[in-house]
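Peer 1: Given next are the chains, with one letter for each unit.
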Amino acid sequence: MPSLKDLKNRIGSVKNTRKITKAMQMVAAAKLRRAQEAAEAARPYAERMSAVMAGLTSAAAGSEGAPRLLAGTGSDQRHLLVVLTSERGLAGGFNSSIVKLARQQAETLAGEGKTVAIMTVGKKAREQLKREHGQRFVHHVDLSEVKRVGYDTARGIADEILDRFEGGDFDVATLFYSRFETVISQVPTARQIIPAVIEAGKDAGGASALYDYEPGEEAILAELLPRSVATQVFAALLENAASEQGARMTAMDNATRNAGDMIDRLTTVYNRSRQAAITKELIEIISGAEAL
Amino acid sequence: MADTMQFDLVSPERNLVSVPAREVRLPGIDGDLTAMPGHAATIVTLRPGLVTVVDGQGTATEFAVTGGFAEITGDSVSLLAERGHARADITQDIYNEMMRDARRAKQAAEARRGTAGEEFVAAAAKMLGDMEALGTHVGLDPNQSTVPD
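Protein sequence lines correspond, in order, to chains A and B. Following this note's numbering, the residues of the first sequence are numbered contiguously, the last one being 575. Following this note's numbering, the residues of the second sequence are numbered contiguously, the last one being 497.
Simulated from the structure, these hints should not be mistaken for lab results. Only a predicted model underlies this, so the values are computations on that prediction, with no experimental measurement involved. A hint or two may mislead.
[As the list claims (entries may be wrong)] A few chain A residues that face chain B, going by a derived Cβ cut-off under 7 Å, partial list only:
1) 322
2) 324
3) 327
4) 331
5) 434
6) 496
7) 497
8) 501
9) 517
Just so it is clear, CB atoms sit at the ideal spot from N, CA and C, and this is done for glycine as well.
Extracted from the complex, chain A is given alone in its bound form (with noise of 0.2 Å):
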């Protein structure tokens, strides 16, 4: 039975972690709303870049010398997974989920004989990898001087991951990310960004046509294919960012709601010790009153 002053104790500190887990929670929930804004204002560039990237692909895939970030390189031993994680932990499961999905798919193009390279964005998805697959790493993103997640950032690991291709290292490259749905629903994604997936259903055959290009065809391409890469690369990271403070948000709403139930869950400890101690006093008083 622990006394009524240690009972006091653990409860003041549990009331101070909720404060701070309900901070958390207000915090996650002004970036979120900053984090969702942002995805929302760089929508039309990602979906001009597509409109345009689907009218191009598809009639630009089936001919001969297709670029080979389009192409492929006509094989696909090597594969590279770029996991983007975010620098900073008690987000819930949101590092973890995109890990795991990450893992499972080294394990597989393992299991396959294939050559699994691994890049890493943001320091959680190192430190959870770095057991099983360290020997895979080929290269780190750090995040942490990063404040706010630009197109410069997304920019640089684009660069790097074209520079490592057309350097020959892997043949498929694919993103791991957080697709943000809901605040409370974030769902860990695999997106193959080389050689370029061609998105089917956009009205793409009709619109190509219609344009004419100046340059070609093929030297517009050749420019768009890896700006597009960067494009992907940066709504992964926006979408990444809304999902982190989603998680985080819905993590801490509960951290919150836990340490209450705690709190009325002690008190009533406290309060019951208090009155058995009174009780006992009494009792110890009136038998020896009685006794004289």
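Go by the hints and put chain B onto chain A.
Peer 2: Same frame as chain A, now just chain B:
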């Protein structure tokens, strides 16, 4: 035929400008061109330079872009640029940053001369040249930015 068309300047981070325009003069990679309402649908890549947008009243507004591409249809021009600034907003600092990026790109191209080919280096050099020309044109000094290490 409508006498204006929609002009959008879009950067990866946000929509920068969205206005009606009577004509848009673009720095195409193979030479300047002007788009007016009813222009044939075209997609054109841009070199660094100034984009001039003339609105319905005939007032011209200029924007500096660092390349990208434009999608022209009969009733709209959408310009997708990695960086775009109104001419009035460009400071020496912003310009220095653009120059630094261009210089860095050229250095990277030269370092990969062997694998990427001479054409690639020439393209990067041309890009830097265009960027210098842009600076001189708007009255900024292209030599202030230092080459990064």
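Peer 1: If a hint holds in the structure, say so; if it doesn't, say that too.
Peer 2: We went through each hint and held it up to the structure:
Taking 7 Å as the C-beta contact cut-off toward chain B, the hint placing residue 322/A at the interface is violated, the least distance being around 10 Å. The beta carbon of residue 324/A comes within 4 Å of a beta carbon in chain B, closer than 7 Å, and the hint placing it at the interface holds. For the restraint placing residue 327/A at the interface with chain B, the shortest Cβ-Cβ distance is roughly 5 Å, inside the 7 Å limit, so the hint holds. Taking 7 Å as the C-beta cut-off, the interface hint given for residue 331/A holds, the closest approach to chain B being about 6 Å.
A hinted interface residue such as residue 434/A counts as satisfied when its beta carbon comes closer than 7 Å to some beta carbon of chain B; here the least separation is about 4 Å, so the hint holds. With a least beta-carbon distance of about 5 Å to chain B, the hint placing residue 496/A at the interface is held under the 7 Å criterion. With a cut of 7 Å, the hint placing residue 497/A at the interface with chain B holds, because the nearest CB-to-CB distance is about 4 Å. A hinted interface residue such as residue 501/A counts as satisfied when its beta carbon comes closer than 7 Å to some beta carbon of chain B; here the least separation is about 12 Å, so the hint is violated.
With a least beta-carbon distance of about 6 Å to chain B, the hint placing residue 517/A at the interface is held under the 7 Å criterion.
Of the hints listed earlier, those the structure fails to meet are numbers 1 and 8, in rising order.
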